[in-house]
Amino acid sequence: MSENSTLAHHFDSYAQQKESASLGMWVFISQEIMFFGGLFLAYTIYRWRFPEAFAYSSNELDIGLGLFNTIVLIGSSLTMALAVRNAALGEKNGTVRNLILTMLLGSVFLVVKGFEYAHKWQHHLIPGPNFQFSGPDPVHAQLFFVLYFSMTGLHALHMIVGLGILAWLTAQAAKGRFTPENHNYVEGVGLYWHFVDIIWIFLFPLLYLFGRHHLT
Amino acid sequence: MTPNTPIFPQGASTYSTEVDILFYVYLGLAAFFTVAIFGLVTVFAVKYRRKKATDVGVEPQGHATVIEVTWTVLPLILMLGAAIWGLKIYVQQLTPPPNAKEYYVVGKQWMWKIEHPDGRREINELHVPKGEDIKLKMTSEDVIHSFFIPAFRIKVDAVPGRYNTMWFNAAKTGTYHLFCAEYCGVDHARMIGRVVVMEPHEYQEWLSGTKVRAATATGEELFVAKACNTCHRPDSSARAPILNGIFGKEVALLGGKTIVADDEYIRESILNPGAKVVSGYQPIMPTFKGQLSEEEIIQLIKYVRSLSPGADKGVPKTASLAFSSSAEAHP
Amino acid sequence: MTSQHESAPALPEKHYLSGAWSPQDWLLTKDHKRIGILYLVGISIFFALGGLMAVLIRMELATPSGDLMPADVYNRVFTMHGVLMVFFFLIPSIPAVLGNFLLPIMIGAKDLAFPKINLLSWYIYMIGGAMTFYGLLVGGIDTGWTFYTPLSSGYATGPVLTVAVGVFIAGFSSILTGLNFIVTIHRMRAPGLTWFRLPLFVWGHYATSIIQILGTPVVAITILLVGAERLFHIGVFDPKIGGDPILFQHLFWFYSHPAVYIMILPSMGVVSEIIAAFSRKKVFGYKFVAFASIGIAVLGFLVWGHHMFTSGQSLYAGAVFSFITMLVAVPSAIKVFNWTATLYKGAIAWDTPLLYALGFIGLFTIGGLTGVMLGTLGFDLHVHDTYFVVAHFHYVMVGGAILGFLGGLHYWWPKITGKLYNEFWSKISAGIIFIGFNLTFFPQFILGYLGMPRRYHSYPEEFQVLNILSSAGASILGIGFVIPVIYLLASLANKRYAGNNPWGAVGLEWQIPSPPPTENFETPPVVTDEPYTYPQPDEKEAPVGV
Chain A
16 MSENSTLAHH FDSYAQQKES ASLGMWVFIS QEIMFFGGLF LAYTIYRWRF PEAFAYSSNE
76 LDIGLGLFNT IVLIGSSLTM ALAVRNAALG EKNGTVRNLI LTMLLGSVFL VVKGFEYAHK
136 WQHHLIPGPN FQFSGPDPVH AQLFFVLYFS MTGLHALHMI VGLGILAWLT AQAAKGRFTP
196 ENHNYVEGVG LYWHFVDIIW IFLFPLLYLF GRHHLT
Chain B
37 MTPNTPIFPQ GASTYSTEVD ILFYVYLGLA AFFTVAIFGL VTVFAVKYRR KKATDVGVEP
97 QGHATVIEVT WTVLPLILML GAAIWGLKIY VQQLTPPPNA KEYYVVGKQW MWKIEHPDGR
157 REINELHVPK GEDIKLKMTS EDVIHSFFIP AFRIKVDAVP GRYNTMWFNA AKTGTYHLFC
217 AEYCGVDHAR MIGRVVVMEP HEYQEWLSGT KVRAATATGE ELFVAKACNT CHRPDSSARA
277 PILNGIFGKE VALLGGKTIV ADDEYIRESI LNPGAKVVSG YQPIMPTFKG QLSEEEIIQL
337 IKYVRSLSPG ADKGVPKTAS LAFSSSAEAH P
Chain C
2 MTSQHESAPA LPEKHYLSGA WSPQDWLLTK DHKRIGILYL VGISIFFALG GLMAVLIRME
62 LATPSGDLMP ADVYNRVFTM HGVLMVFFFL IPSIPAVLGN FLLPIMIGAK DLAFPKINLL
122 SWYIYMIGGA MTFYGLLVGG IDTGWTFYTP LSSGYATGPV LTVAVGVFIA GFSSILTGLN
182 FIVTIHRMRA PGLTWFRLPL FVWGHYATSI IQILGTPVVA ITILLVGAER LFHIGVFDPK
242 IGGDPILFQH LFWFYSHPAV YIMILPSMGV VSEIIAAFSR KKVFGYKFVA FASIGIAVLG
302 FLVWGHHMFT SGQSLYAGAV FSFITMLVAV PSAIKVFNWT ATLYKGAIAW DTPLLYALGF
362 IGLFTIGGLT GVMLGTLGFD LHVHDTYFVV AHFHYVMVGG AILGFLGGLH YWWPKITGKL
422 YNEFWSKISA GIIFIGFNLT FFPQFILGYL GMPRRYHSYP EEFQVLNILS SAGASILGIG
482 FVIPVIYLLA SLANKRYAGN NPWGAVGLEW QIPSPPPTEN FETPPVVTDE PYTYPQPDEK
542 EAPVGV
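For the protein sequence lines, the chains are A, B and C, in the order given. If you want our numbering, it's the 1-based position in the first sequence plus 15. If you want our numbering, it's the 1-based position in the second sequence plus 36. If you want our numbering, it's the 1-based position in the third sequence plus 1.
Mixed in with the good hints, there may be bad ones.
Simulated crosslink set (DSSO-like; lysine-lysine; CA at most 30 Å straight-line) [what the hints assert, rightly or not]: (1) B:K83 with C:K117; (2) B:K144 with B:K171; (3) A:K33 with A:K135; (4) B:K285 with B:K208; (5) B:K262 with B:K171; (6) C:K288 with B:K83; (7) B:K83 with C:K31; (8) C:K15 with B:K88; (9) B:K293 with C:K496; (10) C:K117 with C:K241; (11) C:K15 with C:K496; (12) B:K124 with B:K166; (13) B:K149 with B:K137; (14) C:K241 with B:K338; (15) B:K144 with C:K346; (16) B:K325 with A:K135.
Calculated directly from the structure, the hints in this document are not laboratory data. Remember, it's a predicted structure, so these values are computed and weren't measured experimentally.
Given only the sequences and the hints, what does the whole structure look like? Please build it.
Right under this line is the structure:
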């Protein structure tokens, strides 16, 4: 059965293997959506219930950094898509280059996020006993920050895991492990990376933008 | 069975009989279907038992769609009918009559604290007059509890941070179980008590025979002790809304919304004053979170209510049963 | 179809059990059949632990005064009973053991689509189980398996975080199993095996997988939030710090109600297989039964609020949830009616698996009907959180899910091990379980209607007679569960070989040797028939089996 090492023994054809891998990734992503979904639901309910507190809290976030990060992340999606294309065409060097670029942009995002977190720390906006908030309704402002840190933290965790996988993927790509017939791993990781990107595309307006009009 | 082992529970509220009838109808249907299924399965298993090792089943001829549709639609109709009936009872159970006597209940690990309309208090016991509409507003000091009177066929959860309402009209005098039905920690099973239903005149005697327990101050005293009156006062230097006559009325909030000033709103305003500030005032009120027990908050609410005579009817009856306590603020 | 009368069945020369047996050959295996066995070991351990807790519960409740153990200990015992049984036995039982073993064979595949992920899921499950077991060893938790806030996040004592993380981790095992099944069913079917030629066991698992994928992550994040609230004292659910405990209930039941269908749908699949095999007929209304599984999975996501009728949710929400609950009962009823109709004019053999399947039909009917009662608003306010609920879900979980599991285990045991078990004792134990079960749980319906709340360590004396009946039943039930362990293990040592097809059943799994070879099929099968096609009497030239 194993005359060719990239076709697993229990598949009949490359097509079947590829379809399975891609369906598997989609199913995994639907699982992820539900995972984040619990947080999005909590956010929706609490925002609807405490609009003022959420608006004032949202005002504490730095739109500039958020926007910058959004652009960085979209850029990383582009390089990821290019890496997939390179792999499909069998261009080893292009794959490696674009994967490294993706990791780089992902790291930039995390560093900026780190600065944002540090800023919140200095301003006592980390939920817990030391939380301080000057606006009205600090109790529910804290709720906002609980959700802010849960959602962006979970997202950042996905990015960190993604960077680890990308590092492994880059090493594999450098070894020439991916062929036009079987580069399912690159495709799968690509889907995952785009998913993580899209989560941010939702997080940015929900946390940074919505509700500011309350204050004008 | 000894006489001490009942098979049927006592029924002692005005709606307990209807719950029982619903149950018996269900029981009949369930018994019918269970016996029918068990019976058919047994009959088939015996009648069509395999005679020879090589026997195979006889496949039915033709389409069975008619059969399938029948046994899909028929149970559905039966069940929807029962659901509608159940809903009708539920509406009755959840909608207190307008002039019901109002009691407050606070659940606390592991006891029930009850306050009568006249301020009298009991722990783990509830004395009520027979034949009168009794409304219980309940909340919890800590975890979720559930106020359950089996003989009245009713239970409602006491949830911290909100007021849930239940009502009943006791139809028979006697002493009945009061249970906590929502698991609430170590002594959950000891959070039990009794409900004593008395003839109205006995209840009056009981009331006059027991002292008003002065464990906590009355609402009016608290209003002064906590210095609420320094800002909420009916003169020109008031820095806070005048509370006279507001209960049950709509008030305009900062930001253009309105809210009905009900129990929930007053409670929220005491604990979290910045959340919904009345239009025209500054959010300067300090929070009283952690400084007042649930019972004290209830005292304050009752005091504010007393400043608006006859306002109770204005409050939507199911207000406290909405998913969100503040749902009315954002219709 | 292929199996002819074999005078002396013997084990095949090479099969999945005949390979190497060193620890790494098992612990690093990627063979779905060996992983199924690993899971069988895992769930058996947790079932035994959970069963032990059940014994303690029933011993305590034999007397009203709560004198066997302190209340605190009792609370830990019933919490651990629930946690272990729900998350570590019932949810993985059929899918991860029987599904893992049979699903690839039934669709003519060599393995699941992702064998490594399959193995990973077992490790994740065992790690989650080990954490929970550790939590039990250091004292257990007293939150109840439902982890209701703010009790769990602020008031309960014990290693709540450890157990919560254990459950969280185990959830991902369930997700990965579901993912593997969905992809396998979509992409790995043998040529000719169209969707409507799939055995109903496969349909049941497909529906289950959908719930595992879409439901489990929600409870995972919810448990994570409870853990965060407990650890950092931040308010998500505790009203003292700004949260709403009812939101927890919504999120929790959004998963945990469908989770009930994770437990029962595979069991229904097993029953369909058994009924067809032992009456040698097509399952009546095959498509209705198949779509009923999907219908249950979809509607099951829309009924969670019926766990919250007393919580103060609005009347309108209550009404909607009540009505959808009635709708979700319909597909279950369809299945029961169709199974019964399948028996009509069958050629019924009273073997042990059939006894379990018939027991399932009867007990699930009672469990389902009482579920409908609980979904009725006015009635629920009385019996909610009483022993009526306890009885109801044990009729579904034990009478349904566990009888289905045992039926399936007895049906496919000859396939899995190649050996026949003792028929006499297997029938005896099936009878004991049925009697013991009813004696344990039927009195609890009455107790609930009388008003005895659940999770009570002590209770008023008037409930004692019924509780003693229940405890007596539990001891019978316990014996019933021990006997199969003995004769099934004993069967491994004997020489009564099963042959390819001891039941004379159709289905791909019965066309290959018992135990199956490592890659299941010598040559890839091609499917040309609908499932459960038995040659009719006028086609006498093709007799079936023995």
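Taking the hints in turn, this is what the structure says about them:
For the hint linking K83 (chain B) to K117 (chain C), the alpha-carbon distance of about 49 Å lies beyond 30 Å, and the restraint is violated. A threshold of 30 Å between alpha carbons decides the hint, and for K144 (chain B) with K171 (chain B) the separation of about 19 Å falls inside it, so the pair holds. Proposed proximity of K33 (chain A) and K135 (chain A) is contradicted: the alpha carbons are some 45 Å apart, above 30 Å. Between K285 (chain B) and K208 (chain B) the CA atoms are separated by roughly 37 Å; this puts the pair beyond 30 Å, and the hint is violated.
For a cut-off of 30 Å, the pair hint linking K262 (chain B) to K171 (chain B) stands: about 29 Å separates their Cα positions. Between K288 (chain C) and K83 (chain B) the alpha-carbon distance is near 27 Å, which keeps this suggested pair within the 30 Å criterion. Using a Cα cut-off of 30 Å, the hinted pair K83 (chain B) and K31 (chain C) is violated, with the two alpha carbons roughly 46 Å apart. Between K15 (chain C) and K88 (chain B) the CA atoms are separated by roughly 33 Å; this puts the pair beyond 30 Å, and the hint is violated.
For the hint linking K293 (chain B) to K496 (chain C), the alpha-carbon distance of about 81 Å lies beyond 30 Å, and the restraint is violated. Proposed proximity of K117 (chain C) and K241 (chain C) is contradicted: the alpha carbons are some 46 Å apart, above 30 Å. For the proposed pair K15 (chain C) and K496 (chain C), the alpha carbon gap of about 17 Å is at most 30 Å, so the pair holds. A C-alpha spacing of about 24 Å is found between K124 (chain B) and K166 (chain B), which places the hinted pair at or below 30 Å, so the restraint holds.
Proximity of K149 (chain B) to K137 (chain B) is assessed by CA-CA distance (about 17 Å); at most 30 Å being required, the pair is judged to hold. Among the hinted pairs, K241 (chain C) with K338 (chain B) is consistent with the structure: their alpha-carbon atoms are about 22 Å apart, no more than 30 Å. For the proposed pair K144 (chain B) and K346 (chain C), the alpha carbon gap of about 61 Å is over 30 Å, so the pair is violated. Taken as a hint, the K325 (chain B) and K135 (chain A) pair is honoured in the structure, with Cα atoms around 25 Å apart against an allowance of 30 Å.
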